[in-house]
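Q: Produce the entire structure from the sequences given, and follow the hints as far as they go.
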Amino acid sequence: MLTLSSSLSVALLAGLGLVTLAAATEPERREWTVDGVVREALVCAPPQALSNAVPVVFVFHGHGGNMSHMARSFHVHTLWPEALVVYMQGLPTPGRLTDPEGKKSGWQNASGTYGDRDLKFFDAVLDTLRTQYKVDEKHVYATGHSNGGGFTYLLWAARPYAFDAFAPCAAVSLQIALLTPKPVLHVAGEKDNLVKFVWQQKTIEAVRKLNQCGAGQSWGTNATLYASSTGAPVIALIHPGGHELPPEALPSVVRFFRERVFPPTAHK
Numbered sequence: 060m061l062t063l064s065s066s067l068s069v070a071l072l073a074g075l076g077l078v079t080l081a082a083a084t085e086p087e088r089r090e091w092t093v094d095g096v097v098r099e100a101l102v103c104a105p106p107q108a109l110s111n112a113v114p115v116v117f118v119f120h121g122h123g124g125n126m127s128h129m130a131r132s133f134h135v136h137t138l139w140p141e142a143l144v145v146y147m148q149g150l151p152t153p154g155r156l157t158d159p160e161g162k163k164s165g166w167q168n169a170s171g172t173y174g175d176r177d178l179k180f181f182d183a184v185l186d187t188l189r190t191q192y193k194v195d196e197k198h199v200y201a202t203g204h205s206n207g208g209g210f211t212y213l214l215w216a217a218r219p220y221a222f223d224a225f226a227p228c229a230a231v232s233l234q235i236a237l238l239t240p241k242p243v244l245h246v247a248g249e250k251d252n253l254v255k256f257v258w259q260q261k262t263i264e265a266v267r268k269l270n271q272c273g274a275g276q277s278w279g280t281n282a283t284l285y286a287s288s289t290g291a292p293v294i295a296l297i298h299p300g301g302h303e304l305p306p307e308a309l310p311s312v313v314r315f316f317r318e319r320v321f322p323p324t325a326h327k
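Using our numbering, read the sequence shown as starting at 60 and increasing by one per residue.
Straight-line alpha carbon distances no greater than 20 Å define the calculated DMTMM-like cross-link-like pairs of lysine to aspartate or glutamate that follow: (1) Lys197 / Asp182; (2) Lys193 / Asp223; (3) Lys193 / Glu141; (4) Lys197 / Glu318; (5) Lys197 / Asp186; (6) Lys261 / Asp251; (7) Lys163 / Glu303; (8) Lys250 / Glu264; (9) Lys241 / Glu196; (10) Lys250 / Glu303; (11) Lys162 / Glu99; (12) Lys261 / Glu249; (13) Lys163 / Glu99; (14) Lys193 / Glu85; (15) Lys179 / Asp94; (16) Lys179 / Glu196; (17) Lys193 / Asp182; (18) Lys241 / Asp195; (19) Lys268 / Asp223; (20) Lys255 / Asp158; (21) Lys179 / Glu90; (22) Lys197 / Glu141; (23) Lys241 / Glu264; (24) Lys179 / Glu99; (25) Lys162 / Asp175; (26) Lys255 / Glu303; (27) Lys197 / Asp223; (28) Lys163 / Asp175.
The calculated label-pair distances, taken between Cβ atoms and stated as ranges, are: (29) Gln276 / Pro306: 17 to 25 Å; (30) Pro151 / Asp186: 20 to 28 Å; (31) Thr324 / Val257: 31 to 39 Å; (32) Gly301 / Ala183: 29 to 37 Å; (33) Gly290 / Gly95: 39 to 47 Å; (34) Gly95 / Pro306: 39 to 47 Å; (35) His128 / Gly273: 37 to 45 Å; (36) Ser170 / Gly290: 22 to 30 Å; (37) Asn252 / Glu85: 31 to 39 Å; (38) Ser110 / Tyr173: 31 to 39 Å; (39) Glu264 / Gln191: 37 to 45 Å; (40) Ala221 / Ser110: 16 to 24 Å.
Keep in mind that the hints were calculated from the coordinates and are not lab data. For clarity, every value in this text was computed on a predicted model and none was experimentally measured. Heads up, the beta-carbon is just placed ideally off N, CA and C, and yes, glycines get one too.
A: The structure is reproduced here in structure tokens:
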């Protein structure tokens with residue numbers, strides 16, 4: 060059964076012509092052992108993934124979050140049931156802004172830290188998906204909030220070949236110099252007191268320069284699309300709130316990823 064928030068999101072996507080009536084697969088808890096440590100994730104694999112190539116979306120929670128909460132609050136699988144969606148679980152990690160003792164779950168924020176445990180975890184999960192399902196290699200995506208958004212940027216820097224596009228939320232990139240042009244949607248709150256808005260603005264500006272973007276045009280609620288001469292557009296969704304995700308974030312991320320698979324011009 061869909062929650063009220065998911066029903067509202069489905070209604071919004073339906074109004075944009077982006078949602079089907081297919082039923083979402085329930086998340087299944089799976090385990091991997093990486094460097095002797097048991098890692099886990101929730102996997103939502105549509106039945107057709109066994110016979111037809113499907114897009115894949117990796118979702119990363121923020122510091123102190125968990126995969127179950129992310130599957131409920133940022134429920135990509137209910138808005139895009141045809142996609143194979145993976146909600147990853149982090150490990151206790153010292154935070155850069157909070158939790159210096161590392162009692163809460165999070166993700167590495169740069170290449171080489173913590174033995175690259177989380178990059179290795181991602182590699183192991185993607186390898187499993189490729190073995191057990193038919194993965195559309197041209198349409199693999201990553202999104203995450205806060206520390207999870209930072210890890211999304213790290214995947215862009217460290218594993219660009221594996222992805223078509225990214226959607227970090229309330230985050231910054233610590234390795235801008237390592238990024239190569241890729242499509243991105245960045246969600247940022249003007250009143251974010253944790254990951255300061257001015258920090259996020261600098262990341263967005265750097266990515267726009269990297270992707271050789273021109274003037275912007277409206278793309279939806281609080282969102283501006285900057286076309287790219289390299290074929291790597293940047294969408295900046297700047298909302299008036301704080302660190303939390305606004306209601307339009309999830310539908311916008313799903314729309315962004317879906318339009319990479321099904322370009323609007325293909326239906327004209």
